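Given chain C's structure and the hints, the job is docking chain P onto it.
These protein sequence lines are chains C and P, in that order.
Position one of the first sequence corresponds to residue 1 (this note's numbering), numbered consecutively onward.
Position one of the second sequence corresponds to residue 1 (this note's numbering), numbered consecutively onward.
Calculated directly from the structure, the hints in this document are not laboratory data.
Heads up, a few of these hints could be off.
As the list claims (entries may be wrong) - List time: in silico DMTMM-like cross-link candidates among lysine to aspartate or glutamate, alpha-carbon distance up to 25 Å:
| id | chain 1 | residue 1 | chain 2 | residue 2 |
| --- | --- | --- | --- | --- |
| 1 | C | 5 | P | 173 |
| 2 | P | 580 | C | 43 |
| 3 | P | 577 | C | 58 |
| 4 | P | 82 | P | 368 |
| 5 | P | 577 | C | 61 |
| 6 | P | 162 | C | 58 |
| 7 | P | 471 | P | 293 |
| 8 | P | 226 | P | 368 |
| 9 | C | 5 | P | 187 |
| 10 | P | 580 | C | 146 |
Since the structure is predicted, the reported quantities are computational estimates derived from the model, not experimental observations.
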Amino acid sequence: MPNVKTSVPYRGTPEQEARLREIIALHKGQPGSTMPVLQAAQDIFGYLPEEVQIMIAEGLDIPLSEVYGVVSFYTQFSLNPKGRYQISVCLGTACYVKGAGTILEAVQKKLGIGPGGITPDGKFSLDACRCIGACGLAPVMMINEDVYGRLTPDQIPGILDSYQ
Amino acid sequence: MEPKTVNLTIDNIPVAVPEGTTVLEAARSAGIKIPTLCFLKDVNEIGACRICVVEVKGARSLMASCVYPVAEGMEVFTNTPKVRHSRQLTLELILSNHRMDCLTCSRNAHCELRQLASDLGIDAVRYANDQLPPQMETTALHLIRDNSKCILCRRCTAMCRKIQQAGVIGPNDRGFATHIGCAFDRDLAEVDCVSCGQCIVACPTGALAEQDHTDMVMEALHDPTKHVVVGPAPSVRATLGECFGMPVGTNVEGKMVTALKRLGFDKVFDVDTAADFTIMEEGTEFIHRLQGDGPLPLITSCSPGWIRYCEQHAPQFLPNLSSCKSPQQMFGALVKSYYAEQAGVDPKDIYVVSIMPCTAKKYEVQREEQRMANGCMPVDVSLTTRELARMITQAGMMFDHLPDGEFDPMLGVSTGAATIFGASGGVMEAALRTVAEVLTGQELKSLDFTDVRGMEGVKEASYDIAGRTVKVCAASGLTNVKKVLDGLADGSLHYDFIEFMACPGGCVNGGGQPLHSSDTRSFTDLAGLRAKALYTQDAGQTYRKSHDNPVVKKVYAEYLGEPGSHKAHELLHCTYKEQKRYRTDD
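Bound-form chain P, shown alone:
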């Protein structure tokens, strides 16, 4: 049934919207942008900050438009002196308890609070602001928190609890003492945080930021004894342009490659190439499991946030995990073995940098089970998309003026299958392309497995492959992941192959991706537009199946042997163990 249409006026403009629409959204349809601060659509809708208040004729007090539903005949006013004064006063009070070191803050020009102060015309704060001291929490490998810049909007905690199921942070204590923290105010490194970084992209201020590792990379680039190799993840090419003002969904692969070369990396390879190896290994593993060797469903292991969640919250599913290392780790492992040998460089002199959409990758690079037989860690530093943008800006490059460059070919040729790794369902689709052709021995008529595309949280499909029905599922966002896990545990769901991504929508929406205001995040399909850029690239690519990649063929023929070989296992696989979820002092 179509929802009923409701007629109302906003600032005397007649508006007709479906029943259940909020005043905030109804106003947008009339071209009126009501300022917000704590609001983040579908994540945090609690009407707490009172910045979005409006006058409603007949109402006793000002109303929070983000949670106030429209009603027939309602008269709303968004720009009266009373409204303006209330918003300004609220913001001044918030600012009175905010450490304002805006010029040197990690958010600087991207801060929603600073923007709001400008939009609302705040030119002075009348209340005492005794420059609060910083309250730094730096124990986690992936993020830093400074509660002196926290405005208690709860966008981070809503993201952590509602969308990501981790729930490791929340408001502690009461009144003026209220602050965001972990249970018992333990350090973030001590609790079951999955490092996804979704709290960072949800935060409107500089209270949360990634651990910045650009200095380490700069130092390596200027160290003549180091051979510095870089590789960007599939999704980064679809998002990096946003940091330079390009429209969401612009593919900047060529400019990104040129920028990396100009930054001085000795080799610019592509993690997409490693993603093709992941498909060869994981596809082989899936075929073995279909033939009875190992438990089904096979569950992907590319997302380090999901891995951590599995280890701590769902250890009974550890045997289902693919033993494949993630593409990032396969990339580093191949650089410090195959490439080192080809180039005649000692692996210990190679410094591998990855560019990732992800903050959990910073945690993954330091995990001990990733260590190679030659003693090296595969990747030395993992940077987020945002950190790469910072390096490019600091280097004085006019990004939109850069010519297109090409990856160094030794580990820089990839396929459409690898490109779509960056979107939820992409790993699944890439694997199906290879598994179907290997099992049937015939070329697929269509390479598009569209049922597993799109931004829904849980997608499922069945395919007939070589006379067998293969049931697959792709879920993203840990709350959706948990739903599927619960269904597997109680026997209501049955799949053969599952792709889990910790972040909603997959890597295109990762915790290391470019920041946007809540207005953009609430009313633009960021993940969908970014994913579209990847699917468009895939459709036009020379090679669209991982097993067609000439580099993949060459490396297996000359170095690794068959997919799943002893050597491939030694370099490209690992196992994960159950980890304690809670830490007590005894």
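Just chain C, with the same shape it has in the complex:
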């Protein structure tokens, strides 16, 4: 099957690639080098598309499957860039019992993307997150720094439409 994990095509610049090569050269051959190289690569490119993971696998001389295994294990790594507006729907215990699942569903339906995804225009990215400490307002969603509480699914389209 084609790669359906990354929806934004790779557009790395030669400068970004040169920076990654420097980082790889710094860590090559050292035990435990995968994590710091991946962290640096995510800083450089904003996300870890297949092209970047191949550069890392070849650079460190480790299998691509190992690189991908690490990336897909840790939530700190992302296969897609973040959108201009980063949506986080809280799925912590309090929000969950207050119906956060239906909120997440409404966002997915409106934007046509799942958690970890980004709209093709790069405007919105969506993540499900753990407790953000606003349980009294459950269910809660954040868009960048804006917090929305006591949500119902029917509010979602209007909220998203307010972002231009």
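Then chain P, alone, in the frame of chain C:
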């Protein structure tokens, strides 16, 4: 220095073992078999599945015996209520997430998980098991994967990464979503899998199996318009008996031939005969290269897993590859040319089946550069040893009762040199026997090149042949192959002739060979015992050198001309090209 001896008790039995021994192995020396699941000696030793737990006096919790080293004065208990309960609970939890269609599963009676459930006395699974749907991956030509039967033991991924250097599969995602797959969950057919099938023989369940092509062969056998010809590879005669309960290392050549005849094949030939042609062609090529015509070292090209690895991982060595097709492909090419002509059959009506120790052969038969000038592919279907056993069983043959049969002689006479192709170092030894006699013009005093025998991963030797020192190397298992390639690349290693086999130990340990439990695989030298059967046959054979084979002599005299002739090249040689290792969508 001898390792220190450590004294301990296991279930109150005193045991003395060398320092560094695991509790699991120490228990075996006391006659106690601790059940295991993720453990595969020297391949996967990660203590992950917790089936092998034991109580150790003074320890805070139960210990995974497969990775827990012994210590002086240690008291181990392997059969307490706490241990039994823990193992049962662990297994029940594994089973709660396993698709249990045991009756129709490809592993059926060979499944380690099913055996373990029986051994541990699991008679019910208390946790919900909502019959998981199958998750089939069928894109590769050689194998199918069903992750609904995967227990995440990681034996396959360890085999792929650690032993075979390919590393195309690994655990993806996390928690309940964890599954074995390729990077970006691409299909196996899209990645740099070498098709060796070692993941299949490492798998304890029915999550991995070869693509079964027995139906195609059955259909051909019952098609009156098809002339169906079969040939088994050298190593198959040393392993097929295991599928019928015979001891490892039993040579069943005669019974195998009878079984093939009774299955209804029109001709039962021997791929060993083709292996003798491989030696004639490859030996000639080596002599030419020694004389300055082409690069050294010459590297063998019999193993399609190694070929694929070379094309994708080490393309700078493609000019070193022998241009010889593999014995399987030479076999098909000779059947659909020489034999077709002799028998007066149109090559297009001939259906060639090969019986191979190998899953990569399924991939090789479909490679386009193998196509013959007459438009035919040399081999139509390649079956593994396991698939042949399945056909024999389904035909109702009592294998151990079968009388010995003989190959049809036209392409069924072979030599000891061809027989040992099935073991790592065998192709090298077979070639040396012929090359030495051709170069010196004298008969060898001893035909045994024992330095290149045995199951070590990398073997090297030097021989004085016709006043010249010839440095040779035989490596098996792709991790060992890579070590040699790295040495050649950085200039630290120099050889004239190299034999590479993708599978550790060579074809006797191929990915299409009979399945065994991890207990057998960990504590029996399967490859060594199987290889011994081949070397024993070689020692007693009428002809032991490929150039002595009367069929070889006849076919060259009447059909091919000299080894290395234009006609031989057209039929028996091909070239390989660099292939992309990674596929991206643009």
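Sort out whether residue 58 of chain C lies within 25 Å of residue 162 of chain P, counting only the CA atoms. It holds: about 17 Å lies between the C-alpha atoms, which stays within 25 Å.
Need the status of pair residue 577 of chain P, residue 61 of chain C: alpha-carbon distance at most 25 Å? Measuring from Cα to Cα gives roughly 22 Å; hence the hint holds.
For a C-alpha distance cap of 25 Å, please report whether residue 82 of chain P and residue 368 of chain P respect it. 59 Å, violated
Hint check: residue 5 of chain C vs residue 187 of chain P, CA-CA at most 25 Å. Holds or violated? Distance ~13 Å between residue 5 of chain C and residue 187 of chain P Cα, so the pair holds.
Quick one, are residue 226 of chain P and residue 368 of chain P close enough, alpha carbons at most 25 Å? 23 Å, holds
Has the given pair, residue 580 of chain P with residue 146 of chain C, been kept, meaning a C-alpha gap of at most 25 Å? 47 Å, violated
Satisfaction of hint between residue 293 of chain P and residue 471 of chain P, Cα-Cα up to 25 Å: 18 Å, holds
Please work out if residue 580 of chain P and residue 43 of chain C have their alpha carbons no farther apart than 25 Å. 29 Å, violated
Is the straight-line distance between the alpha-carbon of residue 577 of chain P and that of residue 58 of chain C 25 Å or less? 21 Å, holds
Hint consistency between residue 5 of chain C and residue 173 of chain P [alpha-carbon to alpha-carbon, up to 25 Å]: 12 Å, holds
Consistency with the previously given hints fails for numbers 2, 4 and 10, ordered from lowest to highest.
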